[in-house]
Amino acid sequence: MITWTARDAIQEAREACGGHGYLKASKLGDLRNDHDSITIRCYEWLMCYLLETTSNHINHGMQNGLNRFDARNNAQVYGAGEVSLVYAEYFCITCFIEAFKQPDITLEYSTILRLIFEVYSMLCLDKHMTTYYVGGVANSLKFADLIRMRLLSKCGELKDISVSVADALAPPDFALNSVIGKSDGLLYENLQNVFMINEGAFERPTWWKDIVITKFKSKL
Numbered sequence: 001m002i003t004w005t006a007r008d009a010i011q012e013a014r015e016a017c018g019g020h021g022y023l024k025a026s027k028l029g030d031l032r033n034d035h036d037s038i039t040i041r042c043y044e045w046l047m048c049y050l051l052e053t054t055s056n057h058i059n060h061g062m063q064n065g066l067n068r069f070d071a072r073n074n075a076q077v078y079g080a081g082e083v084s085l086v087y088a089e090y091f092c093i094t095c096f097i098e099a100f101k102q103p104d105i106t107l108e109y110s111t112i113l114r115l116i117f118e119v120y121s122m123l124c125l126d127k128h129m130t131t132y133y134v135g136g137v138a139n140s141l142k143f144a145d146l147i148r149m150r151l152l153s154k155c156g157e158l159k160d161i162s163v164s165v166a167d168a169l170a171p172p173d174f175a176l177n178s179v180i181g182k183s184d185g186l187l188y189e190n191l192q193n194v195f196m197i198n199e200g201a202f203e204r205p206t207w208w209k210d211i212v213i214t215k216f217k218s219k220l
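At position 163 of the sequence shown (counting the first as 1) the number is 163 in full-length UniProt numbering, and the numbers step up by one without a gap.
By construction, these hints were calculated from the structure, which means they are not laboratory data.
Glycine included, every Cβ here is placed at the ideal spot set by N, Cα and C.
Some hints could be false.
Simulated DEER-style distance windows between Cβ atoms [to be verified]: (1) LEU85 to ASN139: 46 to 54 Å; (2) VAL194 to GLY136: 50 to 58 Å; (3) VAL212 to ALA168: 45 to 53 Å; (4) TYR133 to ILE211: 48 to 56 Å; (5) ASP184 to ASN59: 28 to 36 Å; (6) GLN192 to TYR109: 36 to 44 Å; (7) ASP173 to TYR109: 41 to 49 Å; (8) VAL212 to PHE174: 34 to 42 Å; (9) ASP184 to ASP210: 38 to 46 Å; (10) PRO171 to THR111: 46 to 54 Å; (11) LEU187 to ASN74: 30 to 38 Å.
In silico DSSO-like links for lysine-lysine, alpha-carbon gap of 27 Å or less [to be verified]: (12) LYS127 to LYS159; (13) LYS142 to LYS154; (14) LYS159 to LYS142; (15) LYS142 to LYS127; (16) LYS182 to LYS209; (17) LYS101 to LYS182; (18) LYS159 to LYS101; (19) LYS142 to LYS182.
Modelling step: build the complete structure from the supplied sequences, incorporating the hints.
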């Protein structure tokens, strides 16, 4: 679950950088490849619903002649696979809540951590929106509107401190090894330097003849 979340975050960062995010030198492509009680109650309902759905799928398969292995295997999609991911998200969220409530966390840091928690938890709830409606816990547009409006509101609050949060969490330059992610903030200067010092930057590529149209002499 952590790697999937990191993958999605890298992809968002890549797209936010526009065309620069797709440069080899940015390394983003390489990186990609290589309210408390309400949230908790929503996740507890989601886990119970998915567990019941998975159990029903397995029982239905066995009643139709499948052995236990095949019945369990067929219940992975929209069942056991999803409930595993949901439990991992639930575990992370509950641990996070306990972490920013610790007495050694100052009010300033606790406020920022709570804000990050709310953005992440609302994003997770929005991701499982379809299941909430299929399961019947949500039966009007109000549920989706509340989740999404709160997510947008918290993103707006996070915007003003996002650079500081990113700097606090960012790995050192040598580990990130990204020309557009350096801590000095000199994006275009760093890009230009990479272009200038890259081997063969001012030479023709080895395959240049393959794209040149040869002029044929007339036989007349």
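Okay, the hints, checked on the actual structure:
no.	hint	in the structure
1	LEU85 to ASN139: 46 to 54 Å	violated (24 Å)
2	VAL194 to GLY136: 50 to 58 Å	holds (54 Å)
3	VAL212 to ALA168: 45 to 53 Å	holds (52 Å)
4	TYR133 to ILE211: 48 to 56 Å	holds (53 Å)
5	ASP184 to ASN59: 28 to 36 Å	violated (60 Å)
6	GLN192 to TYR109: 36 to 44 Å	holds (38 Å)
7	ASP173 to TYR109: 41 to 49 Å	violated (25 Å)
8	VAL212 to PHE174: 34 to 42 Å	holds (41 Å)
9	ASP184 to ASP210: 38 to 46 Å	holds (39 Å)
10	PRO171 to THR111: 46 to 54 Å	violated (25 Å)
11	LEU187 to ASN74: 30 to 38 Å	violated (49 Å)
12	LYS127 to LYS159	holds (21 Å)
13	LYS142 to LYS154	holds (18 Å)
14	LYS159 to LYS142	holds (25 Å)
15	LYS142 to LYS127	holds (16 Å)
16	LYS182 to LYS209	violated (37 Å)
17	LYS101 to LYS182	violated (33 Å)
18	LYS159 to LYS101	holds (23 Å)
19	LYS142 to LYS182	violated (42 Å)
In this structure, the hints that do not hold are numbers 1, 5, 7, 10, 11, 16, 17, 19, in rising order.
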